[in-house]
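S.K.: Construct the entire structure; sequences and hints are all you get.
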Amino acid sequence: MSPEVALNRISPELRPLLCSVVRNGRVGLDSTNCLRITDLKTGCTSLTPGPCCDRFKLHIPYAGETLKWDIIFNAQDPELPPDFIFGEDAEFLPEPSELPHLVQWDAEDPECLLQLVKELIQQYHQYQCHRLRESSRLLFEYDSLLEDPDYGRSLEIYAGHKNSWTGEFSARFLLKLPVDFSNIPVYLLKDTALDPGEDVALLFVSFEDAEATQVFPKLYLSPSIEHALGGSSALHIPAFPSGGCLIDYVPQVCQLLTNKVQYVIQGYHKRREYIAAFLSHFGMGVVEYDAEGFTKLTLLLMWKDFCVLVHVDLPLYFPRDQPTLTFQSVYHFTSSGQLYSQVQKSYPYSPRWDGNEMAKRAQPQPKIPNNRQ
Amino acid sequence: MAESNSSVRISGFVLGSLMFQHFNSDSDVEGLILGESKAEERSNITDSQIENIQFEHTINIQKHISCRKLNSFYNRIGEVNQDEIRHILSNYKEENVIGWYKQRRNTDQQMTFREQVVHENLKKALSNHELIFLLLTPSEVTSSGSTHKLEYAVYRSCGSQYRSVPVLVSNLGLLEQQDYWRLSASCLSVNYNRAVRKHSSRFFSSDGSLQEVDEINDMNNSLQGELKMACNEVEESERLVEKLLADVSALRRTVSERKEEQRKHIKVGDSTPSQPQENVLLCEAIKTLFPGEALLQTKALTFQGFPMPEFCCSTDHDIDITTTLPLILTHRLPKARKARLRGGRASWRKRPLCESSEAPKRRKCPLEETEGSSLSASGSETEEDLITANQNGNHVDVTNSPVF
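Chains as they are written, first to last, in the UniProt record's numbering: chain L, 1 to 373; chain Y, 1 to 404.
Think of the hints as simulated: they come from the structure by calculation, not from any bench.
Do not take every clue at face value.
Part of the chain L face toward chain Y, derived, beta carbon under 10 Å [stated by the list, open to error]:
(1) THR45
(2) GLN76
(3) PRO81
(4) ASP83
Everything numeric in this text was worked out from a predicted model, so none of it was measured.
Cβ coordinates follow ideal geometry from the N, Cα and C atoms, glycine included.
M.R.: This is the structure in structure tokens:
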């Protein structure tokens, strides 16, 4: 159900409250997933003319799970605060006096419901952390992460229920990795129409047993970061070491990601430097170049009255990977109707040179066949 | 071994009234529930001799009081307002409040966050830890609205959790009632209680028990006393019988010992065969009563049954009749009767059998007709018949035989 459809069915007096929830509703670490509303129902009789829905299910992403809470209003008494049913967490009973937006409920404030949900999530987090006490091993993992200010502030925990068959207790940890993505070029947005949200990297670790013998980590990146790093297959995190603990493993993943980001940033700068050097050397012969990503450059060169187009393609992991020079004729076609072209990779190159040196040493020269000289 | 069972009973009227109230409301409704709670302890004795104690706690929902609006007796964070509760109850007492209810349309059958908070606060405010919460959740089953369903359940807190208690709807007849009623039906109606109080003295004693039961118990006690007395009497008679049997056995042993001694004595000194013992008293009696009657004095009969006068006893047994048999002398036959006996001899004959039916009547008054009455012939042979029959062969005269 799209947010607009949901809003149209809600009672008019309650619509402003839900507007901020479905449009701006991002709670928790996973800001890429918005809050969703489903199962809209009404507390009025069927004879009441619509729209009069005043109760619904709110889907909240939390620690890799999705909480489904029932929120119950009364369309005939819209000034009253809502009531909640916390789904399968029947034992979760927050302290009402510690919910400021419930104590000071203001039906006229459109943000009141969203703020109240955030306060409930905070108490829910405390409740889940308390449930970790069933496993001393997992409690140790949590306490050790909590002591580190880099990880303790951005941590969500979901302590699962004991499996009635195996008796095993499981838990989910979701950490926001403290990696700086601000220097990643903005041009890597996949779809400019969509707001990708905050650039974030989340490490999701699933403990399938209380003794941490079956641990499965997973890295989630926001779409722009994933694209900037070369897709979902570009970065592989190491497996969780047997007998290891999160306080050692998380910094390792952080460092790996940081290195990758630095490498991508440096590659961007290197590409820009390379293109700039070619522009300064072959400025009069520049046809076009990628002014955002600096991944492509096309030159029109003349050699002995022979004009040739030179396409320079810079790979993603430049300067580690050598750029490709493609010579393209302006006179001749192949049998398939394409302009005759020739790829050349064997030219002087070293990733340790700077851009000027690379441009100087490259000196793109076509290898013209004997019958055409 | 103790088991605890709890159940909630609600009459069909109250449940119907709750449904009616909500169906006519355009929002959720809530209110207070009045009733009473009863606890009963039952002890079942089985063949295994293990005592099985069952505690049955029954909560009767008798009435509901609806609140005019939601959140009327509690605030946003579930704090209860006791003044408002008293205002809602008006004439009813707080002690009658056994719980509260909520009717929520199109929601799950599960207590909400605020309901749990309010329930805990209400328990403290009313000082009732057995407080119940009745939740009714009507919902549409079909999208067209043609079918609706109503789910209802009663919840009671058990520590930090809430458990559902079975709800029984008491309609006109309880089909599950298999055994006797142990408790009377509860009713909060003032009129009902007034009527019962007016007539209760006729049926109940001062301690609340049924009068008939007391009377039957008294009668039972009396019966038990009579039975006890009869048992004592039987016991005494049995003991007497036992004693007599012991005496009889002793006497028999004595008799058998004497016989044995006599037998031994006879074997040793006496070679003649033993003669049958003569009843000397009888012999003397007959001689006294019927002197000269050889037929009566004989000790032998023919094969046809006729006495043989040749075997009369002529021995003088030297017995003084006046001292040993004094009563014999009072029964001697008078002279007038002897004369009649001599005169009517020829007409005496054995009457036919058709007259035998009159024999019992005649025999009934022989004592009355002893003086001066004639002997009447009957169906059985009398001594006169014998005399008449034997005269043909023996020629015996009628003697002065007494007539009994």
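S.K.: Indicate, hint by hint, whether the structure satisfies it.
M.R.: Structure-based check of each hint:
no. : hint  : verdict
1   : THR45 : holds (6 Å)
2   : GLN76 : holds (4 Å)
3   : PRO81 : holds (5 Å)
4   : ASP83 : holds (4 Å)
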